[in-house]
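With these hints in hand, go ahead and build the complete structure from the sequences.
Number of protein chains: 2
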Amino acid sequence: MSSAVKRFDYQQLLQWSNDCLEQAGASGEIARNVSFYLLEGDLLGFSTHGLIRLLNNCQWLRDGSSRAKGQPVVISERAAVAHWDAQLLPGPYVVPQAIESAINMAKQAGTGTVVMRRSQHVAALASYLSIATEQGMVVSLMCSTPGQRAVAPFGAKQAVFSPNPFAVGVPSSAQPLLLDISFSMTAAGKVRQAKADGVNLPYAALIDSNGQWTDDPTTFFAKPGSAIGPLGGEQLGYKGYGLTLFSEIWTMALSQFGRRQGSADGDANSVWVQVIDPTAFGDEKEFLQQVDDLLEDCRTATPIDPQQPVRIPGERALQKKQQQLQQGLEYSESTLKVLNRCAEFTGIPLPAAL
Amino acid sequence: MSSAVKRFDYQQLLQWSNDCLEQAGASGEIARNVSFYLLEGDLLGFSTHGLIRLLNNCQWLRDGSSRAKGQPVVISERAAVAHWDAQLLPGPYVVPQAIESAINMAKQAGTGTVVMRRSQHVAALASYLSIATEQGMVVSLMCSTPGQRAVAPFGAKQAVFSPNPFAVGVPSSAQPLLLDISFSMTAAGKVRQAKADGVNLPYAALIDSNGQWTDDPTTFFAKPGSAIGPLGGEQLGYKGYGLTLFSEIWTMALSQFGRRQGSADGDANSVWVQVIDPTAFGDEKEFLQQVDDLLEDCRTATPIDPQQPVRIPGERALQKKQQQLQQGLEYSESTLKVLNRCAEFTGIPLPAAL
Numbered sequence: 001m002s003s004a005v006k007r008f009d010y011q012q013l014l015q016w017s018n019d020c021l022e023q024a025g026a027s028g029e030i031a032r033n034v035s036f037y038l039l040e041g042d043l044l045g046f047s048t049h050g051l052i053r054l055l056n057n058c059q060w061l062r063d064g065s066s067r068a069k070g071q072p073v074v075i076s077e078r079a080a081v082a083h084w085d086a087q088l089l090p091g092p093y094v095v096p097q098a099i100e101s102a103i104n105m106a107k108q109a110g111t112g113t114v115v116m117r118r119s120q121h122v123a124a125l126a127s128y129l130s131i132a133t134e135q136g137m138v139v140s141l142m143c144s145t146p147g148q149r150a151v152a153p154f155g156a157k158q159a160v161f162s163p164n165p166f167a168v169g170v171p172s173s174a175q176p177l178l179l180d181i182s183f184s185m186t187a188a189g190k191v192r193q194a195k196a197d198g199v200n201l202p203y204a205a206l207i208d209s210n211g212q213w214t215d216d217p218t219t220f221f222a223k224p225g226s227a228i229g230p231l232g233g234e235q236l237g238y239k240g241y242g243l244t245l246f247s248e249i250w251t252m253a254l255s256q257f258g259r260r261q262g263s264a265d266g267d268a269n270s271v272w273v274q275v276i277d278p279t280a281f282g283d284e285k286e287f288l289q290q291v292d293d294l295l296e297d298c299r300t301a302t303p304i305d306p307q308q309p310v311r312i313p314g315e316r317a318l319q320k321k322q323q324q325l326q327q328g329l330e331y332s333e334s335t336l337k338v339l340n341r342c343a344e345f346t347g348i349p350l351p352a353a354l
Numbered sequence: 001m002s003s004a005v006k007r008f009d010y011q012q013l014l015q016w017s018n019d020c021l022e023q024a025g026a027s028g029e030i031a032r033n034v035s036f037y038l039l040e041g042d043l044l045g046f047s048t049h050g051l052i053r054l055l056n057n058c059q060w061l062r063d064g065s066s067r068a069k070g071q072p073v074v075i076s077e078r079a080a081v082a083h084w085d086a087q088l089l090p091g092p093y094v095v096p097q098a099i100e101s102a103i104n105m106a107k108q109a110g111t112g113t114v115v116m117r118r119s120q121h122v123a124a125l126a127s128y129l130s131i132a133t134e135q136g137m138v139v140s141l142m143c144s145t146p147g148q149r150a151v152a153p154f155g156a157k158q159a160v161f162s163p164n165p166f167a168v169g170v171p172s173s174a175q176p177l178l179l180d181i182s183f184s185m186t187a188a189g190k191v192r193q194a195k196a197d198g199v200n201l202p203y204a205a206l207i208d209s210n211g212q213w214t215d216d217p218t219t220f221f222a223k224p225g226s227a228i229g230p231l232g233g234e235q236l237g238y239k240g241y242g243l244t245l246f247s248e249i250w251t252m253a254l255s256q257f258g259r260r261q262g263s264a265d266g267d268a269n270s271v272w273v274q275v276i277d278p279t280a281f282g283d284e285k286e287f288l289q290q291v292d293d294l295l296e297d298c299r300t301a302t303p304i305d306p307q308q309p310v311r312i313p314g315e316r317a318l319q320k321k322q323q324q325l326q327q328g329l330e331y332s333e334s335t336l337k338v339l340n341r342c343a344e345f346t347g348i349p350l351p352a353a354l
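Top to bottom, those sequences are chains A and B. Using the numbering used here, read the first sequence as starting at 1 and increasing by one per residue. Using the numbering used here, read the second sequence as starting at 1 and increasing by one per residue.
Calculated directly from the structure, the hints in this document are not laboratory data. For every residue, glycine included, the Cβ atom is placed at its ideal position computed from N, Cα and C. Incorrect hints may have been included.
[To be verified] Part of the chain A face toward chain B, derived, beta carbon under 7 Å:
1. 78
2. 80
3. 155
4. 211
5. 248
6. 281
[Stated by the list, open to error] Derived CB-CB ranges, DEER-like:
7. B:315 x A:59: 37 to 45 Å
8. A:218 x B:4: 48 to 56 Å
9. B:74 x A:215: 46 to 54 Å
10. B:309 x A:59: 34 to 42 Å
11. B:309 x A:286: 47 to 55 Å
12. B:174 x A:28: 47 to 55 Å
13. A:200 x B:74: 52 to 60 Å
14. A:70 x B:293: 23 to 31 Å
15. A:286 x B:264: 16 to 24 Å
16. A:76 x B:293: 17 to 25 Å
17. A:147 x B:337: 52 to 60 Å
18. A:306 x B:63: 40 to 48 Å
19. A:147 x B:292: 16 to 24 Å
[Stated by the list, open to error] Here are the computed lysine to aspartate or glutamate pairs in the EDC-like style, where the Cα-Cα straight-line distance is at most 20 Å:
20. A:190 x A:267
21. B:285 x B:134
22. B:107 x A:77
23. B:107 x B:284
24. A:190 x B:234
25. A:107 x B:77
26. B:285 x A:77
27. B:190 x A:234
28. A:285 x A:134
29. A:285 x B:77
Next comes the structure, spelled out in C-alpha cells:
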C-alpha cells in the first residue's frame, strides 16, 4: 500500500475542501470549520475520520441531511450544563462551539458540560481536544450514533451499540496528552478500510453469526453480519460492554435522543462534552506538575522491548502532524479514490500531489 | 473451596463489625458507615473489598493511619465543584458525604463534582452508587492509590499505576445499572486472593520481569515482581493504558495529590465523584425511558450461548444481595481466617455461622 501513498500540501487541501463545502451549499463559517477539523483528523493520523469524510459531508449538505447554515438550539441550561439540539448542523461546526461554551461554564462553575443531540457526524474527536488544552483546560468528549448498530453487548452475537469513541485532552508543561479510543475492539471505519484494502483485521475483533470470533472484515457486511466485540474481548468484554453503556447513557440518554428517535439519522451523533478547569481545585502550576510527574513515570518505565520506550497518548499523533505540515499530508490509494469522487461531485479538481 | 463456605446473618455481622470499629477507636458515626459499606461490598459480591478489609480498617484506626473522628476539610469550591482533603478519614465515611455534596451541587448546577485527596481506603466503589441512583441521579466514581504501583503502562514490564476502579450508577424504571470495573486486566485484590487460594488466575493478566504474560499470581510478589497488564492486553492495551491515565489525572492530578506526595500513604486513595442530574437536560420520565430502551436492547440481543442471555451490569450483584440478606452472607475459608484475626485483634468474637 505504502508505494501508492501520495502527499499533498496542507494549505492547498484546506482551500480545496473549503471550496468543495461551499460549493455544496455550506456557509463560509461552516465550510471553514468542517475543512479545518477534517484535515486536523488527517494531520493527527486518524485517517478513517479525516478528509475521507469530505464527500459524505458535501453529499449531506446537498441532500439536506446536514444543515448548511444556522445555529444549535438550546433546549435547557443550568449553571454548569447545557443541552443543545444541533439540528443536524455539521459536527465539526457545532462541537467546537460546545467546547467553547463548556469552557466558559467551567471558568465560572469549575466544570462545564454540553450534551448535544442531532449533531451531524463529528469525525475524529481527537481533532477538537486542543481547543480546551490550549486554554489550560481538561476535556472529555464522547459520542454515539443512534442510527448505527455495530457492537455487541458482552455475551451476544448481535450488534446493539455504535462503536463509541472516548477522547480526553489534558494540558502538561510540554505537549498535551491527547487520547481518542473506542470502547470496542475496533472501529467500523477500520473494518471498512480493511475490506477496501482487501486485508484481514490484525486480530479477531468480530463475532460472527455463529458466535465465533473472526478477523475477516467481509463477515461484517454479510447477512446476518458479524458484530464488533466490546473492548476486553472473550475474557474481559464485560468491561468494554459496561464502558459502552456508560458512553451511550452519557450521550443518548442524557440528550434524550437514542435509537428509538434517531434510527433514520445515518451517521448523526449524540455528543457529550465536558470541560474541567483545573484551577478550580488549586494552583495551575501544581496541576501541570502532577501531569508532568505522571507522564515522566510512564516514559521512564522499563519497556518490554528496549527499543520501544513507552509512549504518551497523542505523542505520535502530534509528531505526525508536524511532519505532515512540513512534508505534506499522506493519502493512500483507497482514500484518494474517495477524494477524487468528491472532486467529481463538486466539480472542483483535487490539488496536484507534491 | 465452596465446601468450606459458611453463612452469617447480616444484622449480626453489622453489629459485630460496628463493635470492632468502635473498639479500635472509631466514632459512632464512622463505625456505622464503615461497617455498613464494607458489608454492602460483600452483599453485592465484591468479596475482595468487603469485610475482609475490616481488619485493615481497625488496624489503621488503632495505629493512626486512619483518623477516628473529624470531618474532611474543604480546600476549594465553585458552584459545581469542591476539592476536599479527607485527612485520612475512612473512605466509607467520606465518600458518601462527597456523593451527597455532589448531589446538592447537581440539583443546582446540573452536575456536581467532588475531588478528594487522602481518603483512607474506599473499598468497593459499587457500594456507594445507590446513594445517587435512589435520588434519581447519575453518578460516576473513580479512585487511585498514590502509595501503590501495580499496573504497567502499555509496552512496559514495570508497574507505574494502581489498579484503578471506575464505577457508574444509573437509575432506570426498574433496578439501577451498577457498574464497577478496573481499567486493568485484573485487580490486585484478585491476585492476592488467587495466591491465598493457591490457584492460577483465570487468564494471563500479568507481565513478568522478562516481559512475558503469565497467569501465575506468585510472580506478582517476586522481586522483581510482575505487573498487571492494562485492559486490552497485548493487542489493545493502549486503550486500558489511556483509560488508566484518565483515571489517574481525574483523581490524583486534579486533587494535586499523586505519587510524589502520597507514596507512604499505603492504601489511601485520591477520589473523583461526579453526579449528574438528568432533569437538568429534560424530563425525568423520558430519561428513564431512554435507559429502559437501551437495557431492553441489550437483554433481547441474540446471545452467543442460548442458555446465557445478556446481563445488565449490577443485575447479578443485586440478586446476590437479596439472596444473601435472606440466606446469610457467604464467606470462604480464606476470608474467614482474616475475619477471625480481626476478632482476635479487637477481642470481639465473630458471630456464629448460620
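Here is how each hint holds up against the structure:
Annotation: interface hint on residue 78 of chain A holds; nearest CB of chain B at approximately 4 Å, less than 7 Å. Contact between residue 80 of chain A and chain B, as hinted, is supported at the beta carbon level, the nearest pair being about 4 Å apart and thus within 7 Å. Below 7 Å, beta-carbon pairs count as interface contacts, and residue 155 of chain A has one with chain B at about 5 Å; its hint therefore holds. Using the Cβ-Cβ criterion of 7 Å, the hint placing residue 211 of chain A at the interface with chain B is satisfied: the shortest such distance is roughly 4 Å.
Below 7 Å, beta-carbon pairs count as interface contacts, and residue 248 of chain A has one with chain B at about 6 Å; its hint therefore holds. Interface hint status for residue 281 of chain A: upheld, as the beta-carbon distance to the closest one in chain B is roughly 4 Å, under 7 Å. As the Cβ distance of residue 315 of chain B to residue 59 of chain A is approximately 43 Å, the hint placing it in 37 to 45 Å holds. Distance hint check: the CB atoms of residue 218 of chain A and residue 4 of chain B are about 51 Å apart, consistent with the given range 48 to 56 Å.
The supplied range of 46 to 54 Å is met by residue 74 of chain B and residue 215 of chain A, whose beta-carbon atoms lie about 53 Å from each other. Taken as a hint, the range 34 to 42 Å holds for the pair residue 309 of chain B and residue 59 of chain A, whose Cβ atoms sit roughly 40 Å apart. Roughly 50 Å separates the CB atoms of residue 309 of chain B and residue 286 of chain A, a value that falls within the hinted 47 to 55 Å. A C-beta distance of roughly 50 Å is found between residue 174 of chain B and residue 28 of chain A, which places it inside the suggested range of 47 to 55 Å.
For residue 200 of chain A paired with residue 74 of chain B, a C-beta distance near 56 Å keeps the hint of 52 to 60 Å intact. At roughly 29 Å, the beta carbons of residue 70 of chain A and residue 293 of chain B sit within the given window of 23 to 31 Å. Between residue 286 of chain A and residue 264 of chain B the Cβ separation comes to about 19 Å, which falls inside the hinted range of 16 to 24 Å. Checked against the hint of 17 to 25 Å, the C-beta distance between residue 76 of chain A and residue 293 of chain B comes to roughly 21 Å, which is consistent with it.
Checked against the hint of 52 to 60 Å, the C-beta distance between residue 147 of chain A and residue 337 of chain B comes to roughly 55 Å, which is consistent with it. In this structure the supplied range 40 to 48 Å holds for residue 306 of chain A paired with residue 63 of chain B, their Cβ-Cβ distance being about 42 Å. Checked against the given bound of 16 to 24 Å, the beta carbons of residue 147 of chain A and residue 292 of chain B, roughly 20 Å apart, stay inside it. Of the pairs offered as hints, the one joining residue 190 of chain A and residue 267 of chain A holds, with about 16 Å between alpha carbons and a cut-off of 20 Å not exceeded.
Straight-line distance between C-alpha atoms of residue 285 of chain B and residue 134 of chain B comes to about 15 Å, which keeps the hinted pair within the 20 Å bound. At most 20 Å may separate the alpha-carbon atoms for a hinted pair to count; residue 107 of chain B and residue 77 of chain A meet this at roughly 12 Å. A threshold of 20 Å between alpha carbons decides the hint, and for residue 107 of chain B with residue 284 of chain B the separation of about 13 Å falls inside it, so the pair holds. Taking the CA atoms of residue 190 of chain A and residue 234 of chain B, the gap is about 19 Å. The hint holds against a cut of 20 Å.
Straight-line distance between C-alpha atoms of residue 107 of chain A and residue 77 of chain B comes to about 12 Å, which keeps the hinted pair within the 20 Å bound. Between residue 285 of chain B and residue 77 of chain A, the direct Cα distance comes to roughly 18 Å. Compliance with the 20 Å bound is thereby established for this hinted pair. With a C-alpha separation of about 19 Å, the suggested pair residue 190 of chain B and residue 234 of chain A falls inside the 20 Å cut-off, and the hint holds. As the CA atoms of residue 285 of chain A and residue 134 of chain A are separated by approximately 15 Å, the hinted pair is consistent with the 20 Å bound.
With a C-alpha separation of about 18 Å, the suggested pair residue 285 of chain A and residue 77 of chain B falls inside the 20 Å cut-off, and the hint holds.
Violated hints are absent here; each numbered hint is respected by the structure.
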